[in-house]
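With chain G held as given, fit chains F, R and H onto it using these hints.
The lines below spell out each chain.
Protein chains: 4
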Amino acid sequence: MSIAPPDPTATLLISCPDQKGLVAKIAGFVYSNGGNIIHADQHTDRLAGLFLMRIEWQLEGFNLPRELIAPAFSSIAQPLQAEWRLRFSDDKPRIAVWVSRQDHCLFDLVWRQRAGEFAAEIPLIISNHPHLGTIAEQFGIDYHHIPITAETKLQQEAQQLEILQQYNIDLVILAKYMQVLSSSFLSQFPQVINIHHSFLPAFAGANPYQRAYERGVKIIGATAHYVTQDLDEGPIIEQDVVRVSHRDQVADLIRKGKDLERMVLARAVRLHLQNRVLVYGNRTVVFE
Amino acid sequence: MSIAPPDPTATLLISCPDQKGLVAKIAGFVYSNGGNIIHADQHTDRLAGLFLMRIEWQLEGFNLPRELIAPAFSSIAQPLQAEWRLRFSDDKPRIAVWVSRQDHCLFDLVWRQRAGEFAAEIPLIISNHPHLGTIAEQFGIDYHHIPITAETKLQQEAQQLEILQQYNIDLVILAKYMQVLSSSFLSQFPQVINIHHSFLPAFAGANPYQRAYERGVKIIGATAHYVTQDLDEGPIIEQDVVRVSHRDQVADLIRKGKDLERMVLARAVRLHLQNRVLVYGNRTVVFE
Amino acid sequence: MSIAPPDPTATLLISCPDQKGLVAKIAGFVYSNGGNIIHADQHTDRLAGLFLMRIEWQLEGFNLPRELIAPAFSSIAQPLQAEWRLRFSDDKPRIAVWVSRQDHCLFDLVWRQRAGEFAAEIPLIISNHPHLGTIAEQFGIDYHHIPITAETKLQQEAQQLEILQQYNIDLVILAKYMQVLSSSFLSQFPQVINIHHSFLPAFAGANPYQRAYERGVKIIGATAHYVTQDLDEGPIIEQDVVRVSHRDQVADLIRKGKDLERMVLARAVRLHLQNRVLVYGNRTVVFE
Amino acid sequence: MSIAPPDPTATLLISCPDQKGLVAKIAGFVYSNGGNIIHADQHTDRLAGLFLMRIEWQLEGFNLPRELIAPAFSSIAQPLQAEWRLRFSDDKPRIAVWVSRQDHCLFDLVWRQRAGEFAAEIPLIISNHPHLGTIAEQFGIDYHHIPITAETKLQQEAQQLEILQQYNIDLVILAKYMQVLSSSFLSQFPQVINIHHSFLPAFAGANPYQRAYERGVKIIGATAHYVTQDLDEGPIIEQDVVRVSHRDQVADLIRKGKDLERMVLARAVRLHLQNRVLVYGNRTVVFE
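Chains as they are written, first to last, in numbering that gives the first Met the number 0: chain G, 0 to 287; chain F, 0 to 287; chain R, 0 to 287; chain H, 0 to 287.
The following block holds chain G by itself, in its conformation from the complex:
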């Protein structure tokens, strides 16, 4: 995975029914408009009969102005019944980080954003608790405390959606936000990444570390995934694991898990921001 190049690039993520000539057609589109490809990677899911591709090229010297690239590509994509997404490397998506009480993922994300690891902005933190407001303050990020109860959930989600819109948010990161989002919310704002504190599908649901301890596993994990209406069942972006032993109590699993969680979440966010993750069905292709 390369760092953002000094000069801006365009990236296309494409999927469509497989047929001959797709690479040539797509690369030809870039070339015929004077683009220099710096990354092209392609995958065919032969079981699904699906073609999936990521292609990135330098905008300098490209003959189409930015606003015409999408319309121009559209005329190629439509006959192929392709789904696609175009992104410019100097666009900075706006992220809202949602948290509850734990601060490790929030701290990590904000630090990375400040360190230039994410080509993105983080103007907003939403929490169902007031605790992490001081961190928001410390980093100069707006903090909205929106408590959630079973009764108020739907109403509060309406407020959350309003705030997301107001801040012009492109991506929500659930960084240890311990509430389930409703189907209604997700249908209105589908771009949500969550970090789950287990190696899914092991220990889906509540208290994974407690259950990992009870089962006596020798390895624990964490999973970053897109959120769907089926809890803990969304497309997996990234996973990682760490060894544990009989000496590790539940509190140790939680501590070790925190390190995993922030690493795995950060990698997933970075992959997403670089337009490297293509979802199809309940799976992802990650073009690293």
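By construction, these hints were calculated from the structure, which means they are not laboratory data.
Be aware that one or more of the hints could be misleading.
One side only, chain H facing chain G, incomplete, derived with CB under 10 angstroms [stated by the list, open to error]: (1) 102; (2) 103; (3) 110; (4) 114; (5) 116; (6) 137; (7) 140; (8) 141; (9) 254; (10) 257.
This structure is a prediction, so every number in the text was calculated from the model and none was measured.
Backbone N, C-alpha and C define an ideal beta-carbon position, used for all residues, glycine too.
Just chains F, R and H, lined up with the frame of chain G:
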């Protein structure tokens, strides 16, 4: 984990209700009889109120003859309500490897035994298929082909038990043996290690690689565990994982999994043979 | 990394000075001849100004007969000053495994070849010792014992080259062959993969495990690389590591290292056989 | 590795020439004074003829008052020619973090200390640059900017030593401090942990990531070690690695390395603070 020392050692694995003075008492037993301890490791499960220990000492210069060590230690262990196991490093447990059609674990185990990695003998292979008989022949190991059907299972298990007894077997390794053992079998022969082709508890049951592919996980695993009457629920001895990507088809997961399976199984067998694994409840302490 | 598809494919590995239009040109070559691309991956080394690509397509339905593909592609490649290599998935390269006294890598390679993991044949084993002849016999592979001394080395290498030619060998694997090959040999037979028993560049040279023990490292490794005239300096194909602790004596490092060595070597060989490794300068691009 | 128990414990780290009866003697000391051992682990380096042990017991119910434990144990240790260190779990060592311009390790250490992962205080940051002063301020930690040039080094080290004394510092952590400490400094303040940005002994010295890139390694690492007068040669406490590929430019190695560095350094610091690291010769025993 150290290799077997050139001169023979005795190892005690002990667990008992926790109380003061246990390390001193057990180490004192060894010292007062002139033993030189080369490994002592102890763990307390404070939730369970349980003391667990492994202690290994050189037999050279030890004042008690081998056959008197167990009776002598018994008088210490009984008042402590301790469970314990004594093993001499130059004892060679006799292993039966059980297989079905896949040969990778069998090959690996036999190669390691020949290479001196296991202080054990492998005089017997049992299979519900005839296919791997040539490997048995190649290495000069007896091969018993005992086909299993739903109807014949209990009767065949009786035959299996008889053969185990006849060969004086101490440990059964299920090296990709694709049959479930009955409760009755396990109550008569409880020392059984199995390799499961997933990172338990994920994908317990059948076809784990197919299901891992369908779920789109980024990591697959393997688990070696003692066999109990609850399928795939026995105490875990060792686990390991390997990364996979969207490029890996089910056949690739199976291929990568084979490498995991033989590594994880071999490590578990070695730990067991060195008397490093103490089971309590459904968990293990592994004194590495 | 996908398994070989049931129907045969052609793979091109290409490197050339970077310029616009290369992906389009190469994909266009495949498409215009009716080929269906199943894998295309491209990398640009911007520091070196180098374009590197792997492209694989199905031969079924391809309009050019096999023997005309290379000449046809040549007319595209020459103006680009490209270096390239064409391979058909149903070609079976012929491998000679070279060993000294240790058998773990040999056993592993032969087992994998038998298990269908390598699309290759292993008709020949060469050793400077007689010890492993019985394994060769066991698997029905010719074994040539060619002892080496400082005085006889050049002369024996002449004999080795003759045997390689006689068996029509495409690739030599040094599977714990503890002799250095001369520059002269390598200039006549350059396709040689070696497994080095350390995480290069740490502990290059002799006795890496002993030196790793003395340095007190917490991790050891193994490295598979192409052999060049600079000992232990050739382009690295694959590396892996394993944790060790103070409990591990040199003999334990050797034992753990054996598992690493065979895994790392096998992965490197497989990547090479699938035409996934592109060497440039002293580096490799591995198109996984 | 277990978390600090709710009630305070004492830990002894001991090394001495091996002889019979050491475990019994040391455990006996604890037991005879009414102590309940919660962790005892022992290692014998048979090559060096050295006995090494860690023993931890609950202070509640222990009959010796804290200030008498060391004198009492001394009378046992002296005849054994033992070196030993006693630590109480509720003692909070005082740490000075030294940095240059990079903030990732500093941030991580401070966050962990705040999160309760370290039983220690961090009252002081020393830097040869002014840049990270704002972080110090953010967390309410004193920041001393002491610029270093070749000419001023010895004089500035005198000032550094004075400040360490003034703040009553027990441990210095070089968290990406890019200056070499003099022998004279180390002889006066020997408790120093450093994080080196490579998998030592590979790429010792300057610019390890650049050199790793040039060598084309497939894995990079980081190493935490005690600082000695031989640069990058001190006893290793902890190491870890991460995979890289041809896609990773030097900037990517640096970014990935940062994650490694903070994880490895944090683990090493935690092990040190829990009195789990015993140095002998140029090696460590880590009682996990």
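Hints and how they fare:
Because the beta carbon of residue 102 of chain H sits about 8 angstroms from the nearest beta carbon in chain G, less than 10 angstroms, this interface hint is met. At its closest, the beta carbon of residue 103 of chain H sits 7 angstroms from a beta carbon of chain G; the interface hint therefore holds under the 10 angstroms criterion. The beta carbon of residue 110 of chain H is positioned within 10 angstroms of a beta carbon in chain G (closest approach about 6 angstroms), and the interface hint is therefore held. Annotation: interface hint on residue 114 of chain H holds; nearest CB of chain G at approximately 7 angstroms, less than 10 angstroms.
Here the hint on residue 116 of chain H is kept, as its CB sits about 6 angstroms from the closest CB of chain G, short of 10 angstroms. Below 10 angstroms, beta-carbon pairs count as interface contacts, and residue 137 of chain H has one with chain G at about 6 angstroms; its hint therefore holds. Proximity of residue 140 of chain H to chain G is violated relative to the hint, the smallest CB-CB distance being about 14 angstroms (cut-off 10 angstroms). Among the interface hints, the one on residue 141 of chain H is violated; its C-beta lies about 18 angstroms from the nearest C-beta in chain G, farther than the 10 angstroms criterion.
At its closest, the beta carbon of residue 254 of chain H sits 6 angstroms from a beta carbon of chain G; the interface hint therefore holds under the 10 angstroms criterion. A least Cβ separation of about 8 angstroms between residue 257 of chain H and chain G falls short of the 10 angstroms threshold, and the interface hint therefore holds.
Hint compliance for this structure: hints 7, 8 are not met, and every other hint is.
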